[in-house]
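J.: If you want the building blocks of each chain, they are given just below.
There are 4 protein chains.
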Amino acid sequence: MRLWGGRFSGEPDRLVQEFTQSIDFDRRLFHHDILGSIVHCRMLGRQGIIPPEEAAQIEAGLRQVEEDFQKGQIQFAHALEDVHTHVEARLRELIGPVAGKLHTARSRNDQVALDLRLFLREAVLDTIDRLADLQETLCNRADEWQDIIAPGYTHLQRAQPVLLAHHLLAYHEMLRRDAERFQEAFARINVLPLGAGALAGVPYPIDREFVATQLGFDSISRNSMDAVSDRDFVVEYLSAAALAMAHLSRLGEEIVLWTTSEFGYLELSDAFTTGSSLMPQKKNPDVAELIRGKTGRIYGHLLHVLVLLKGLPLTYNRDLQEDKEALFDTIDTLLPSLTLLSAMLATARVNAERLAAAAASGFTLATDVADYLVARGVPFREAHTLTGRLVQRCLATGHTLADLPLEEYRAISPLFDSDVYRIDTWASIRARDIPGGTAPGRVRAALQEARQAIAACRAWTAGQRERFARLPDHTDAGSVRSPHG
Amino acid sequence: MRLWGGRFSGEPDRLVQEFTQSIDFDRRLFHHDILGSIVHCRMLGRQGIIPPEEAAQIEAGLRQVEEDFQKGQIQFAHALEDVHTHVEARLRELIGPVAGKLHTARSRNDQVALDLRLFLREAVLDTIDRLADLQETLCNRADEWQDIIAPGYTHLQRAQPVLLAHHLLAYHEMLRRDAERFQEAFARINVLPLGAGALAGVPYPIDREFVATQLGFDSISRNSMDAVSDRDFVVEYLSAAALAMAHLSRLGEEIVLWTTSEFGYLELSDAFTTGSSLMPQKKNPDVAELIRGKTGRIYGHLLHVLVLLKGLPLTYNRDLQEDKEALFDTIDTLLPSLTLLSAMLATARVNAERLAAAAASGFTLATDVADYLVARGVPFREAHTLTGRLVQRCLATGHTLADLPLEEYRAISPLFDSDVYRIDTWASIRARDIPGGTAPGRVRAALQEARQAIAACRAWTAGQRERFARLPDHTDAGSVRSPHG
Amino acid sequence: MRLWGGRFSGEPDRLVQEFTQSIDFDRRLFHHDILGSIVHCRMLGRQGIIPPEEAAQIEAGLRQVEEDFQKGQIQFAHALEDVHTHVEARLRELIGPVAGKLHTARSRNDQVALDLRLFLREAVLDTIDRLADLQETLCNRADEWQDIIAPGYTHLQRAQPVLLAHHLLAYHEMLRRDAERFQEAFARINVLPLGAGALAGVPYPIDREFVATQLGFDSISRNSMDAVSDRDFVVEYLSAAALAMAHLSRLGEEIVLWTTSEFGYLELSDAFTTGSSLMPQKKNPDVAELIRGKTGRIYGHLLHVLVLLKGLPLTYNRDLQEDKEALFDTIDTLLPSLTLLSAMLATARVNAERLAAAAASGFTLATDVADYLVARGVPFREAHTLTGRLVQRCLATGHTLADLPLEEYRAISPLFDSDVYRIDTWASIRARDIPGGTAPGRVRAALQEARQAIAACRAWTAGQRERFARLPDHTDAGSVRSPHG
Amino acid sequence: MRLWGGRFSGEPDRLVQEFTQSIDFDRRLFHHDILGSIVHCRMLGRQGIIPPEEAAQIEAGLRQVEEDFQKGQIQFAHALEDVHTHVEARLRELIGPVAGKLHTARSRNDQVALDLRLFLREAVLDTIDRLADLQETLCNRADEWQDIIAPGYTHLQRAQPVLLAHHLLAYHEMLRRDAERFQEAFARINVLPLGAGALAGVPYPIDREFVATQLGFDSISRNSMDAVSDRDFVVEYLSAAALAMAHLSRLGEEIVLWTTSEFGYLELSDAFTTGSSLMPQKKNPDVAELIRGKTGRIYGHLLHVLVLLKGLPLTYNRDLQEDKEALFDTIDTLLPSLTLLSAMLATARVNAERLAAAAASGFTLATDVADYLVARGVPFREAHTLTGRLVQRCLATGHTLADLPLEEYRAISPLFDSDVYRIDTWASIRARDIPGGTAPGRVRAALQEARQAIAACRAWTAGQRERFARLPDHTDAGSVRSPHG
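Protein chains in written order, with numbering that gives the first Met the number 0: chain A, 0 to 484; chain B, 0 to 484; chain C, 0 to 484; chain D, 0 to 484.
Because the hints were derived from the structure by calculation, they are not lab data. Check each hint, because a few of them may be wrong.
[To be verified] Pairwise CB distance ranges, derived in the manner of DEER restraints: (1) E465(B) x D142(A): 23 to 31 Å; (2) F75(A) x Q72(D): 20 to 28 Å; (3) H398(A) x F467(B): 34 to 42 Å; (4) Q74(A) x R464(D): 37 to 45 Å; (5) Q391(D) x E407(B): 24 to 32 Å; (6) D12(A) x E92(D): 54 to 62 Å; (7) Q451(C) x D217(D): 12 to 20 Å.
Using N, Cα and C, we set each Cβ at its ideal position, and we do this for glycine too.
Bound conformation, chain A alone:
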């Protein structure tokens, strides 16, 4: 390879092989590749495109390949480029040249789209279930902590007292939207691309509906050129995951804040903190920090795939191979993040006294004082101004609103009376008695409604799983097999 200066650390062939191979990551689709092939070949036999007995022979061979894979007996090699080639090569070893009939009426272009969709639809179910797990933990703690008052913040300044349960249920809402988005994406993921061939469809009397039904797809792709060049379904998962991670990063940030000495509201179980190699006293919220830090990672993956797609002419281009690692890593990041946040919250302790004290301090009841005046006929804007002056008066005299003498109140407005002292955090909370408000009854109702929503979500994923459990492969269809459980 003198031609370009002998600088390469290896042969160009090897370099090209390593650069273009995908088996290092697409082996994760091994099971799904075989599943798709089983149904494809069953259909070929049924339609008489290949002799039924050969179809049976191929199917048996494929089952053997799957078994070999499950036992760890497949040798992976860069020379065999991708998962499809590995499966077919092993099949040929097992059953001879008839293996060559399996690739009739399909192309790797539609095959890889199939494998990825089979994989991703399961990942969506796993994702929704993990979301539900975290939602359930949020509900459990909200239930448990229903009587705990916390300071509600805006601009990270104490603003108004709220129930801690109300705060937790805000996260439930975010995750609920996340679950909806994943669920909606599912419908566009669970579409059969097989039959698109390389790009134009195939010249065989294939039965796409049969394949779709056998594989549990909701529909079949409507345009072959789109089917092989479409990666919207990957972007949809990544977009939904990016937003979900944004939510988790907010929760992570609050955990970091709340476990500081300064806030001191929350204590994590030792299992979720780590020490320092230098400072013996440290107990760091590493898991929460990492979840926050990994958010950028998911954003990066989303950007990557969007950039990939930009300006690609139809149909399949090799650039598309780059979709998988981003997707896999996103799943492997999001799922354990959900699990760990759930476990962390489930085992954390809150300092209710400290929360309550903070909720009562810092003039968090000033709005209620303004509303007191409004109730006595003062236009809100004026009441707001008057209360602002009260606060200044307190700051000047070292008082809180609770111990400011009545004459000081009256000096600001004669409408104040001794019942102004009845304003306290509980009164403030109870007063916000509207749908979505923090009043105890409202929070209790919200909690109940949340549990119903979670149950509905779980029922939906269970229904899908049941359907997939009846797929023609008798082995366990497996889950996403995230290395992080």
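Knowing the structure of chain A, use the given hints to seat chains B, C and D on it.
T.: Chains B, C and D alone, transformed into the frame defined by chain A:
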């Protein structure tokens, strides 16, 4: 301001004002701010929170403010920070201190969320309609060009012949998914946040359902803390827009390619090309290039808002103000891009001869030859190899598959017979007669189905628009008012 | 325009005009466009490419156009597309057809690159000066606050005591690297592209060195095709700005944290906080929040331009027009952010007692206790373990390390003696007496060195400015004209 | 773990371990970790902080650990979290408790920064050398192809003829700026952070200058808090890499375009193309496509780390651990991309006839015709218009500029004479005889200058490597060990 060195070009107060003001861009929400206020004050009166006659007075005042705005008689000033302040200030000028009662039982935190949702749900309808416009153009041209054959590409290499209509309908599919995503986002956008107050709900007996109904919302927010800190609905629009722009960039790229001298398949109407200041002969596809280029812009906006949200503790933080410009610019980019692509395609001419010639050249029928062998019992994998040798033979002898002598065919495989010459582009296309394939009948059916889908989409947006037309403001609810039409 | 359905809100010509025009933003280059044209035409005359008297006539005309512009007498119109066309059109009005000779031996492709480089090199100087302003404020406060102890954090947990000045100087270091990066980028920005023509160079005996010298460029571009398609210099500015904003966002975050009730270390001047429309007591650090929030905006701009460039074939493509708005907005965001942070810090007050108390609490001296044992021969790893047990003992018995009885110490290790009580925050700080450490002498030295670095930076920008002040336009070369000062 | 529902697939301890461990990727720093430790312990002995004989013992032990590592005898386990722990654990096995003295006067916070800087500075050298390889290939081919004319494009429309060598050297310029940026980043990477301890410096009389000299660092960090929280150096590498990949993606795009049937300018060696599983005739430019596709990947990594840093309070936060994978993958993508592009270009063939024909067609000489008129006194703007009319005349009559009758020329302008036919592609190219232009002499000079620049670059990296070769570890300091060579 000696303290920090006298280097500032202005007073800090002015700098702070300019840095924190939002009126330069949120004035776009003027109409929606008033609309929300009208219904809010109507509800306050109805519930007896403020006297009904004062509510009527405020509503009349608000209508006057709207009229002033429509006539361009509002003076905008950075000192008045944002749209809400401008409206209330003008209202006070018109009706005096009673204006101060309008802000009872709400905060700018829930108010701005309301305004943005009112605005965005209209933008979604406009977006879907523009998508439908482009889809319709694609269908119209597909209809017109049904007999035109084009080379189908993979890796930008000619692969197999397809109908040009089939190629166009691939874009229809992409846009159809786009429309679905926007439609699904609509349900999460069209949620009433008002009543969340600053963060905890409000201590007044407000009627959120009344407000929701009057304003045409599908539902009300379920948690006040979430309601003021949630910008998922912005990210959802941006995510869907990013993917839509990815699709448009692919179409833009193809227009750039197809109008080159080298491809020469497409000629744009002069209206969509521009010349060169230096080179008199140039006719450049600037609009297509800009659409491709603006894709990064939308990706950037999406990332901006995602980055914004990362790690934000609850509830409202001022960072959230940064959501608007990204959103507005995304709409102002996506909508004219759709319109211009539609107009460009509607007026472009194709060079059918050149397309057909390209579709027939470059061994695009090799797959069909392999399939010929498969039909005669050769396993596909072997047929693939044999055809590869045929292609090499052609290249070595300067033949095409169409004029390679039969003995050469037979030298490769005795299964070849003279009917191999019946393989031509039309035969190839007709053979792909499966759902989603490029056979003429399939494409015709797909076209019909596409038109139905477009009609259903338009019916849905029309239904929503009708509903919004009955909103309590008698003025035109306006559209997104994109400066680019 | 029946052809595509009559849905457009305007004529396609108008739509195309609006979509492709750049005058709405590139008018900001008006001054630079004229400056470049003056020197270009002077060179054309000098080389005899156009008659010298015509060159003089054109130059006089250009000066008049500049004057008109300064007086606001230029009418901007989308029909005239861009800044170059506006200048030439006005010139023609003033001096007639001879204006048509100005564009000899150049193209808009090299002209726009020229304008943008002329503009950006000034922006770089402004940026570095603003960085220096903030660095100076950091130094001033570090100077003033030299005796204030603060808790140093890792994982947002109190870790070890440090000097507040040391903390501030950490930011100085970040900004110093920022300034270096901008300075290095300057060398690649300040390169003359003119002469590249449309892409291939121009067939006239032009004198590029003369133009470069007259315009204060450091060098001339070496390849014409690169010169018109290169936007590296824009990306370099954006990359450096993104990292600078990352630093500012860290400072912004710390301001938000330190001004919370919980931390309570910092109080901002009223000028840099805002109130709440609902809560009368609020004093929110809005400016710091916005700086944090705007970080995503700059990241988005960087990505936009990177995405733009991806996969663009040579040479100029219209996509490149999209570089300007991202660049302008980045400058308009970064510069006031620097100024406002400087002003905010310059006027903030710290609560030294609270900082000192926090620095002393939370076992921040545990490392020093471990080091005490190390000094007595215990391997660090073992000392670390023993100190960990001491901390546990304190937690169990309600002691701090300062009041834990000696026998408890000795129970852990007999090496402890009464001098262990000499460990306090000041001792801890003084002990870190190594280059880069927090010992007072080291911090003083660092401060001095920092001031020298700032002075060197300012001297460099002043040198460049002086050079630009001698450019052939006698008007003020202007600054970046950021709307935010 | 009943507490959170028994849904986890593993114990939380294991989940946390897996989620927080870094040994799966930071093992790549194994060698650098030991190198840093050797010098650190040597310094501790020299300064009497630990007994010299123990220092020697530790150093010997570390050398043994390195040897074990080189032999693949280190067992990696998630329980041992990171590379630092693995090294120390193995060391303890080898030499007993004295191993515990190695961590005196340092923390993992400064240690990991050290390791990463040691690693990255080598990666920078490798990167620059690979850039030089590709630059050299560009120069070699430019040399070889000096007489080949190519069409120069703007807007992907043929614009003006250029030398193919000129086109190639445009890429040389881009890569040259890339190399400069990496070289400048090197100075900020090659800074010793050790001594910063956890964040405040260490209370031992360490000699940082000695360590820096021994390890070949250019300088030492100036502020300990900055030293442990700074990841600018990672972002700098990623920023420079993102821009370099943008350049490679442009080259990749051109390779894809130029190897289409439509362009037909370039043929790749079989080693760099792949076939199709379905279409026997295909020869796809997969490597070029993948390089283009991987660009988004690098953009994503850059974004990831920028997002990571946004809003992080000082000093070290666990989020920072997320910097490594993005960095490693960027290096592992950029380096083979450079190598493969170099190899691909070195072995590609061009179709000179087709290039020349394209360069002459499409009115690419129209600018020269306009310049012909300018030379005869017509203002450029008017000459441009007249030539535009000539082109229209040609199009109307089916002529090219070369065969348009002279009377047609004269009908447009009487200034045309028979010498107008002397305008041809070579004349056009030769006329652009200015610095940076495409005239043959200019291109030759540029080529020579380019080779000098490459040599200077290589000399610089060689100088750095020589310096590193004298580091205290006698083993080969190794290179970046990219799995792709």
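J.: Indicate, hint by hint, whether the structure satisfies it.
T.: Do the hints match the structure? See the list:
no. : hint                          : verdict
1   : E465(B) x D142(A): 23 to 31 Å : 44 Å, violated
2   : F75(A) x Q72(D): 20 to 28 Å   : 24 Å, holds
3   : H398(A) x F467(B): 34 to 42 Å : 51 Å, violated
4   : Q74(A) x R464(D): 37 to 45 Å  : 38 Å, holds
5   : Q391(D) x E407(B): 24 to 32 Å : 49 Å, violated
6   : D12(A) x E92(D): 54 to 62 Å   : 42 Å, violated
7   : Q451(C) x D217(D): 12 to 20 Å : 19 Å, holds
Violated hints, listed in ascending order, are 1, 3, 5 and 6; each of the other numbered hints is respected by the structure.
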